[in-house]
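Q: Listed below are the residues making up each chain.
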Amino acid sequence: MKTCLVVDDSGVTRKIARRILEELGFDIIEAEDGEQALEACKRAFPEAILLDWNMPVMDGYEFMVQLRGMPGGDAPIVVFCTTENGVDHISRALAAGANEYIMKPFDRDIVAAKFQEVGLVQATLPEAV
Amino acid sequence: MTPPDYEYLRKLLKDHSGLDLSTDKQYLIESRLLPLARKAGLVDIGDLVQKMKNGSISLIAQVVEAMTTNETFFFRDKIPFDHFREKIMPEMLQTRAGRKSLRIWCAAGSTGQEPYSLAICLKEMGAALSGWRVEIVATDLSNEVLEKSRAGIYSQFEVQRGLPIQMLVKYFKQTGELWQINPDIRAMVQHRQLNLLHDFSQLGRFDVIFCRNVLIYFDQDTKTSIFSRLARTVEPDGFLVLGAAETVVGLTEAFKPIADRRGLYRPEGERAAPAKPASSLAVLPRLAMAGN
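Taken in sequence, the protein lines are chains H and C.
Sequential numbering from 13 applies to the first sequence in the numbering used here.
Sequential numbering from 1154 applies to the second sequence in the numbering used here.
Don't read these hints as lab results, they were simulated from the structure.
Accuracy of the hints is not assured; some may be wrong.
The list that follows gives simulated cross-link-like pairs (lysine-lysine, BS3-like), each with its CA atoms no further than 30 Å apart [to be verified]: (1) Lys14(H) x Lys1231(C); (2) Lys116(H) x Lys1323(C); (3) Lys1192(C) x Lys1301(C); (4) Lys1276(C) x Lys116(H).
Here are a few chain C residues that face chain H, going by a calculated C-beta distance under 10 Å [what the hints assert, rightly or not]: (5) Lys1231; (6) Gln1309; (7) Phe1310; (8) Val1312; (9) Phe1325.
What the simulated footprint calls covered on chain H by chain C, stretch by stretch (three residues with Cβ under 8 Å from a Cβ of chain C suffice, anywhere in the stretch; the number is not a length) [stated by the list, open to error]: (10) 94-106; (11) 120-134.
This one's a predicted model, so the numbers in the text were calculated from it and none came from an experiment.
For each residue, glycine too, the CB sits at the ideal point set by N, CA and C.
Please put together the full structure from these sequences, using the hints given.
A: Written out as structure tokens, the structure is:
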């Protein structure tokens, strides 16, 4: 089973994300800020990281820059999930190595679509009738 | 909702739009029509049906429009766009190399996500298409839906379903919470109002037809009629793309599936005289029946 690290300082957001991602077949690890996320990555790289931008201690952007600098740190697929929905933020994240970007608010459809986009989950199609 | 009320609505929808609901779509009717009933100051679906029986044309029009679905997103189902990039376009680049022109029809273009997804695919092909004249014609039954498509303005929710973030940044301009597709992509798509139940031979011939998620709403005879008219509209070596839940099997001999390419079909066999519409069906021309 693939592992997804959910990084967000809001417990509610982590809970919602956990429910959606568990339904999509992921094992979930949680982190409340970038520093905790880095600690988790030092133990083992997850396949996917759902990453908030604005957090105390260390923000999501800083975390990703450090992650991408670690040996093997280019492997996890990073999907930002943030209220920062301006093109400037999106472009900055992509340039620094983000794979996808979700603008909050999000729901199951968006998470599923974005995870499909980066090949983390398979598309399911209805049967022909 | 009582069974007679359900039957009344079923028949009405069938007569006016070709929408063919199976016997178990009560939930769909309630979810779409209850808000409409409340807005009209009515208590429930029973009240709504009574008012319609009394001959409220505007209410009937609203009901038909509310029941037709416009759900769509960019690169919906992904696979058809893989077919387009990997199979259809490479073949077209060869077979149309002489005339350097290509006509594509989105027969249920809806709010534009499908035609614009195709336009983006073509744009991404870059120099391979330089000097080519490519037309994308998007048709839909509803003028309201076509207006939205022309404007090419989408909510944050809409642009996050199916559209890779790199493409969003590259091909859209952000205005507050909304995103508008760039003028050069918009200019690649022409819009026309059209009811698939009517004659569409005036659109001319196409190399590729996308007709996705609209036929599911029609009954068997109507589907068969549309397939035979599509067969006369597509070039003999062209392609037809259907939705994930649609098939030609048991409905027509005019198209054959392509192996290992789900949803992709080729016309086959005798080509008859210009198409005739399914004229026996009563249709309110403006009402929506948009799949994609």
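Q: Each hint should be assessed against the structure and marked as holding or not.
A: Tested hints:
Using a Cα cut-off of 30 Å, the hinted pair Lys14(H) and Lys1231(C) holds, with the two alpha carbons roughly 23 Å apart. With a C-alpha separation of about 20 Å, the suggested pair Lys116(H) and Lys1323(C) falls inside the 30 Å cut-off, and the hint holds. For the hint pairing Lys1192(C) with Lys1301(C), the CA-to-CA distance comes to about 23 Å; that is within 30 Å, so the pair holds. Taking the CA atoms of Lys1276(C) and Lys116(H), the gap is about 29 Å. The hint holds against a cut of 30 Å.
Evaluation of the Lys1231(C) hint against chain H yields a held restraint, the C-beta minimum of about 6 Å falling below 10 Å. Checking Gln1309(C) against chain H: minimum C-beta separation of about 5 Å stays under 10 Å; hint holds. Checking Phe1310(C) against chain H: minimum C-beta separation of about 7 Å stays under 10 Å; hint holds. The closest approach between the C-beta of Val1312(C) and any C-beta of chain H is roughly 9 Å, which is under the 10 Å cut-off, so the hint is satisfied.
For the restraint placing Phe1325(C) at the interface with chain H, the shortest Cβ-Cβ distance is roughly 9 Å, inside the 10 Å limit, so the hint holds. Given as covered by chain C, the region 94-106 of chain H passes the check, having 6 residues with a CB less than 8 Å from a CB of that chain where 3 are the minimum. Beta-carbon proximity to chain C at under 8 Å applies to 6 residues in the region 120-134 of chain H; the threshold of 3 is reached and the given coverage holds.
Every hint, counting from the list given before, is met by this structure.
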